[in-house]
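Chains A and B, in that order, are what the protein sequence lines are. In this text, residue positions in the first sequence follow our numbering: the first is 1, and each later residue adds one. In this text, residue positions in the second sequence follow our numbering: the first is 1001, and each later residue adds one.
Quick caveat, the hints were computed from the structure, so don't treat them as lab data. The structure displayed is predicted, hence computed values, not measured ones. It is possible that part of the hints are untrue.
Keeping only pairs whose Cα atoms sit at most 30 Å apart, straight-line, the calculated DSSO-like set for lysine-lysine is [stated by the list, open to error]: (1) B/K1298 with A/K134; (2) A/K256 with B/K1344; (3) A/K14 with B/K1298; (4) A/K134 with A/K251; (5) B/K1248 with A/K251; (6) B/K1248 with B/K1298.
So the derived list for chain A, only partly shown, Cβ under 8 Å to chain B, looks like this [as the list claims (entries may be wrong)]: (7) M142; (8) M144; (9) I147; (10) I248; (11) V250; (12) K251; (13) G285; (14) L303; (15) F338; (16) I339; (17) V349; (18) I351.
For each residue, glycine too, the CB sits at the ideal point set by N, CA and C.
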Amino acid sequence: MTHTLSETIQGNRKLAFIARNWAAFFLLGFLILFSFTGKGFLSVTNFQNVGHLAVIAILMASAETFVIITSGIDLSIGFVMGFSSVTAGKIIQILYAAGGGISPGISIAIGIVIVLILSLIPGLVSGVLIARYKVPPFIATMGMWGITNGIALKICKGFPVATLPEVLTRIGNGYIIYIKPGGGISFFSLPHGVGNESIREYIRLIPYSFIFVGLILLVLWHLLRNTTFGQHTYAIGGNEEAAVRAGINVKLHLVKIYILSSFIAGLAGIFNVFQTGIGNFTPFGAMYELFAVSAVVIGGASLMGGKGSIFGSVIGVFLIAFLENGLLISGVVPFYRFIAVGLLLIIAVVIDQLFPDLL
Amino acid sequence: MNTITKRKLTNVIMDLGRSWALIFLIVELVFFSLAAKGFLSLRVFQMVFFFGVTVFLLGVAELFVIITGGIDLSVGYIVGFASIISSRFVALFLQTGMSTLPALLLGIFLTLAIGLLPGLVSGLLIAKLRVPPFIATFSMLGITHGVSELLILNGAVNMPKLSTLFGNGYFLYWAPGPGLSLFVRPEIPRGGFILELIPNIVVVAFVVIGILSFMLKRTVFGQYTYAIGGNVDAAIRSGINVSRHTVKIYMLSSFLASLTGIIYVMMYVKGKGDAGASNLLDSIAAVVIGGASLYGGKGTVWRTILGALIIAILETGLRVMGIPTFDKYIIVGIILISAVLIDKIFPDKTYMDTKE
């Protein structure tokens, strides 16, 4: 019965196109709906805010995209992010407080470099466990979840790492263009001598975070779509044995994938420091990794591997982000977002069942 | 050395390797007894079991699911969901003028009934619509989490005193003078000696766990569970209604999680949305340390309890030593990964091994 139904639906190419891109159409539908129900929803400021707040989710989801395409899963990214955020915070704090000619800029740069190198380690460990020792990805990355979370909490002793240079948030929450209505335009920061208290008088355009995440997405998109690295990733997820026979070094590639995922989570942690101005550990209820997996699946990937795209995952993140924002602006209690994500996931997999093959 | 003794020696080593979890538990106990002052006492062991109940029950819930080759991410938030709706129900019945005990029993009964729903839905999604268990149970996690947070928007409701007395009470009391008494704490002068044995909730948990162990080991239900995890195709061909059994498994898991929620609210008076959220890692770790495989077909209830005990003793031991529990996460993570690696070095007995 379902079989014939799916066959008839598949016969209809227009319908199939809509169904396969349902997330994008849902996103469009929500945007239109919330423009009517929420006052101030349809505004540059609001859209910029949603995008700015979604940066971490976007990074997480693109990390998870690579892993899920190889039919794995990475549960550690949320806590790798916390680890990276806390460690970066701690290093910057120590160097900054030490004084002695170390300017904030240099201490931040040293912090970033060290943390980016450190953030490769969790991925390396879980990658080797998965590829070489055949530990299920779920367990290996869950183990790394515990380990990175414990280390992060030990470093910060259970409190966020504060008293960091103020320049962090100025960069992290800065915009490229500031326009004062009827008063002129300035680039990269508020005009000289204008304090943060009058920031609301300015129209702010294009947050730095957009440039940051845009560049990373471009690189990742290119990596997945146009390079042999990307080809191999899809090949392993589609059929691991065939990939081995085709001469792909599957083990090495899997290690690389988990290192990449962990590295992106590390980047997210550094962004988190810039955004909040403190080093944050990841609380248990945050579920960054689970929301990332949801976004990736909503974006058309399959947990069985071989399917998925950076673009789709970003659509998935925005679907969740705009849903949350729109509900909030429309005056609906924010907890509905959990329910909404749950329902969206079910829709995603049911559609995936009805339309098994990509065109 | 001749070949026979050599083979015997390898067999002994293999057997030791297979029971590494038990050996680890003993080492852990010896270590904490020596290193942590005051660890070796009745009070501490009661605390191990008292606070371990959540992971025991959730671990067993997860075990049934994992044996079938699935995973249930929702158990943690079903605990919270059940803790909230049970206190709601009880408060509602008390308002209608019902006396405490029937209100409590009816509330618990209704909660357990409603607690089957998340499992029913995710089970149906997994069995009928072929949704991956990870996704289906995560969507249930979202829905139960959302609903429970909505229910306590205006604050959580207190459970009546009777339930808290039960939740924090003991099964057996002994005091010089009044002697032995069940459930009811004898009246003794302040500071007088009283022996409190076995917390009530531990008794409840182990009765349930005992029944489940029996079910898994000795009944058709258990046989089917292993059969599905071992080889789905073979299970279907041998006439097992796999999709129906899968639904039952997720309902069982959801049921156990809501039972845990009820126990939680009896311990802590108020319900909380994320009551069991942080126990997901521990409960899956307990199952894996207990020798189950995420690919299904393996695992027993008592070994899962052994795994949960390793974690519970670790946590309590570190607390007694005064080390922040942050270390616990690191150690559990390492044990979790090592468990899989050790199980690979010492694979289960095969038919050939048993013949020798």
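Hint check, failures only:
3, 5, 10, 11, 12, 18
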